[in-house]
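*Asks:* With chain L fixed as given, assemble chain F onto it according to the hints.
First to last, the sequence lines map onto chains L and F.
Per the working numbering, the first sequence starts with residue 1, numbered consecutively.
Per the working numbering, the second sequence starts with residue 1, numbered consecutively.
Warning: the hint list may mix true and false statements.
Just so you know, same-sequence chains aren't split out, so a pair can sit in one copy or run between any two.
[Claimed, not checked] 20 Å max Cα-Cα, derived SDA-like pairs, lysine to any residue: (1) Lys96 to Val310; (2) Lys149 to Ser22; (3) Lys20 to Gln152; (4) Lys213 to Arg172; (5) Lys213 to Asn129; (6) Lys20 to Asn154; (7) Lys149 to Val25; (8) Lys337 to Arg320; (9) Lys76 to Met52; (10) Lys76 to Val310; (11) Lys213 to Ser22; (12) Lys404 to Ile315.
What the hints contain is simulated information worked out from the structure, not anything from laboratory work.
Quick caveat, the model's predicted, so the values are computed rather than measured.
2 protein chains.
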Amino acid sequence: MKRGVSQFWKPFENGANMIKFSQCVDSMRTSEIRDLMSIAMRPDIITFAGGMPNNDLFPVKEIDDIYNGLDDKTKKIGFQYGPTSGYPPLIESLKKYLRSKNLPVDTNEIIITSGSLQAINIITKLFVNPGDTVITENPCFIGGTSVFKSYQANIVSIPLDSDGIVISELKRAMEDEAKKAKLIYLSPYFHNPAGIVYSKKRKEELLKYLYGKEIILIEDDPYGELYFEDDYKELTIPMKTIQPEPVPICYVGSFSKILGPGLRLGWLLASPEIINKAQLAKQSMDACSSTFTQVLADQFLRKGKLEPYVERLRITYARRMKIMNDCLQKNMPSEAKWVVPKGGFYIWISLPQHVDALEILRKSMSRGAIFVIGKTFDPMGVKNNCLRLAFSHTPEDEIEKGVKIIAETLKELL
Amino acid sequence: MKRGVSQFWKPFENGANMIKFSQCVDSMRTSEIRDLMSIAMRPDIITFAGGMPNNDLFPVKEIDDIYNGLDDKTKKIGFQYGPTSGYPPLIESLKKYLRSKNLPVDTNEIIITSGSLQAINIITKLFVNPGDTVITENPCFIGGTSVFKSYQANIVSIPLDSDGIVISELKRAMEDEAKKAKLIYLSPYFHNPAGIVYSKKRKEELLKYLYGKEIILIEDDPYGELYFEDDYKELTIPMKTIQPEPVPICYVGSFSKILGPGLRLGWLLASPEIINKAQLAKQSMDACSSTFTQVLADQFLRKGKLEPYVERLRITYARRMKIMNDCLQKNMPSEAKWVVPKGGFYIWISLPQHVDALEILRKSMSRGAIFVIGKTFDPMGVKNNCLRLAFSHTPEDEIEKGVKIIAETLKELL
Numbered sequence: 001m002k003r004g005v006s007q008f009w010k011p012f013e014n015g016a017n018m019i020k021f022s023q024c025v026d027s028m029r030t031s032e033i034r035d036l037m038s039i040a041m042r043p044d045i046i047t048f049a050g051g052m053p054n055n056d057l058f059p060v061k062e063i064d065d066i067y068n069g070l071d072d073k074t075k076k077i078g079f080q081y082g083p084t085s086g087y088p089p090l091i092e093s094l095k096k097y098l099r100s101k102n103l104p105v106d107t108n109e110i111i112i113t114s115g116s117l118q119a120i121n122i123i124t125k126l127f128v129n130p131g132d133t134v135i136t137e138n139p140c141f142i143g144g145t146s147v148f149k150s151y152q153a154n155i156v157s158i159p160l161d162s163d164g165i166v167i168s169e170l171k172r173a174m175e176d177e178a179k180k181a182k183l184i185y186l187s188p189y190f191h192n193p194a195g196i197v198y199s200k201k202r203k204e205e206l207l208k209y210l211y212g213k214e215i216i217l218i219e220d221d222p223y224g225e226l227y228f229e230d231d232y233k234e235l236t237i238p239m240k241t242i243q244p245e246p247v248p249i250c251y252v253g254s255f256s257k258i259l260g261p262g263l264r265l266g267w268l269l270a271s272p273e274i275i276n277k278a279q280l281a282k283q284s285m286d287a288c289s290s291t292f293t294q295v296l297a298d299q300f301l302r303k304g305k306l307e308p309y310v311e312r313l314r315i316t317y318a319r320r321m322k323i324m325n326d327c328l329q330k331n332m333p334s335e336a337k338w339v340v341p342k343g344g345f346y347i348w349i350s351l352p353q354h355v356d357a358l359e360i361l362r363k364s365m366s367r368g369a370i371f372v373i374g375k376t377f378d379p380m381g382v383k384n385n386c387l388r389l390a391f392s393h394t395p396e397d398e399i400e401k402g403v404k405i406i407a408e409t410l411k412e413l414l
Numbered sequence: 001m002k003r004g005v006s007q008f009w010k011p012f013e014n015g016a017n018m019i020k021f022s023q024c025v026d027s028m029r030t031s032e033i034r035d036l037m038s039i040a041m042r043p044d045i046i047t048f049a050g051g052m053p054n055n056d057l058f059p060v061k062e063i064d065d066i067y068n069g070l071d072d073k074t075k076k077i078g079f080q081y082g083p084t085s086g087y088p089p090l091i092e093s094l095k096k097y098l099r100s101k102n103l104p105v106d107t108n109e110i111i112i113t114s115g116s117l118q119a120i121n122i123i124t125k126l127f128v129n130p131g132d133t134v135i136t137e138n139p140c141f142i143g144g145t146s147v148f149k150s151y152q153a154n155i156v157s158i159p160l161d162s163d164g165i166v167i168s169e170l171k172r173a174m175e176d177e178a179k180k181a182k183l184i185y186l187s188p189y190f191h192n193p194a195g196i197v198y199s200k201k202r203k204e205e206l207l208k209y210l211y212g213k214e215i216i217l218i219e220d221d222p223y224g225e226l227y228f229e230d231d232y233k234e235l236t237i238p239m240k241t242i243q244p245e246p247v248p249i250c251y252v253g254s255f256s257k258i259l260g261p262g263l264r265l266g267w268l269l270a271s272p273e274i275i276n277k278a279q280l281a282k283q284s285m286d287a288c289s290s291t292f293t294q295v296l297a298d299q300f301l302r303k304g305k306l307e308p309y310v311e312r313l314r315i316t317y318a319r320r321m322k323i324m325n326d327c328l329q330k331n332m333p334s335e336a337k338w339v340v341p342k343g344g345f346y347i348w349i350s351l352p353q354h355v356d357a358l359e360i361l362r363k364s365m366s367r368g369a370i371f372v373i374g375k376t377f378d379p380m381g382v383k384n385n386c387l388r389l390a391f392s393h394t395p396e397d398e399i400e401k402g403v404k405i406i407a408e409t410l411k412e413l414l
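Next up, chain L with everything else stripped away, as it sits in the complex (with noise of 0.2 Å):
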């Protein structure tokens, strides 16, 4: 066919001039963190950059006595196309885990998508049309930055403090250029990248003023189930459990830090009128999430495998956040301020206004170290004197060394 068909035309110049992209895509940006990923898997390098479980964590063990206990026929099903909303038993045994945390799973419905982020891509094609205002906080984690930005929303982000976001900011901004908001984004539970836990005071404040007003709360929930000690546990109580709702509550889950992120497994808990609309979203984005690996999910969640393995990871975490907040805290300039994480896989530096992180980060990684520069979840692109630093990733030899290079290179530059 080659010879057949070529003669028809001439060598044919397919360079950029031709293509011509939709309007959306100026508004994609890589993720830095992503370009970064390149580097920070270079051996010699102790990386603070990476969100994601260490890979010695995962229920390797656990998943291959599932898998070789599992029947043929559930094999089977594991290869085959499930229903958009998701592998019936996965949901079963979801709404039997998030009833136990007291959310409304009777009244609401789930939606199992493919990872987190596609349930807040969901529901950004469900609510906003392009111009539309979309409230984020300040930092914000860029996933959720990213899908806003792709459904070309104005994004309108909102300082927080070690209570969360801050009310008098989100009610200026509500009552001014972000007026009209179709969603305000919130990632209460042991925020990435700012290291912070709701108080239940200010959840009460935000809820409150939130009450009747024409918004729907997206309340992501990935790092709830990583507190590192028992009394904490009831800081991560979702607001999504408060019958009747305030204001309508997408609720977001993940197995991402509590199974593995390459699953590729989340939830949506949500009112049947939204999940409805969702599963028609989802059947032209993917048709559904991965039938195998939700097997699998089912059955870790069925075999009550989630909870002892969890609990190793609050241990274990715990740990390697003391270990490197115990690091800080001997090395630290005093200019750095940082709030001690409770739960989660991130502590967040912040530095005096005048400082850039990128300098700080080229510096450090030349020494060894790196971590991600803190205009990455600044929705704007701007603010840069912060640093993350996730100590989920980190073998806990290397913690101290990388802390006090980046601690001395800080000690320089400040």
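*Replies:* Same frame as chain L, now just chain F:
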């Protein structure tokens, strides 16, 4: 917290009035195939409805061997995030596979997607603004239609004959209502639902006509491996193999029909410029496809398990098609016309214009056999004088019985 917060507001009517969906939600419609699936699952019904492989054909033994042969390090990689473009070893083994088909893997690049549907979704996101025109075949794969509608595209569909898209109709449309079309979406190899394969001559005419036009061609090829005789193999040579390209071609493939849809893995082969933007788009969709299933798919290719497995599928599906075709020829009234498929999953039966497939379906269903009605595959949702019978999923001993039910029903209603 429940009591502490809920005192602030009265019961809240979380009603439909409150929730304002975005404009694109209006363009979404549920797939009638999916709605039918709940019926199709009733054990007493013979179904030709689902366009899916039969569960008993999946390579369970091969994947068992692969899984149990993985070392712990590789398994852990499967639990972790991977690059947005795909698990590098899978891209490598996929390149080898596609190179064996003369596809231009060295001048183009690959992105692994969550099923080929996501590849179509990404391409549409990259090129289609709301109101832009997309040209499709008529009939057209419902997944493609649902993607284009979800981006508020204006779909212009062009009839197929037994050799492919009707060029005179395409010309007429492209000189008129489809003058500024951004995309043309084609499934030339064992079409879903039409069951045809494009002739070499038709492909040549098509490319000659498209040469130099400002349009992107999506060449969707999920079924190309499933030819029923070796002589038909050359009919499946992709247009993408022609270099230089007469028009930019996005070549889309899938593991769904040659390994298992439950793994949710497809791919897009396109110019580096397009793949670069596709990565940005995918970053905000699901970050990456399941690394877990990518590890398995890589080994499936790498260990040479694909070719013997696909050879088994070709023989099985050819046999099922023959049983169905023989039975149709014996039982169908003369008004029913179809092209005997040379590969794939489907026989597409055309009836006189006035016939309503829904009426046939209703009666046939009450007698215990179902199929998918024609208008599901008409992007306008109107033309309904055709039936899609999938022979891929139905146990061989049921095909004859089911076809007879449909043929009897048809004779009564014609």
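*Asks:* Which numbered hints does this structure break?
*Replies:* Violated hint (a single one): 12; every other hint is consistent with the structure.
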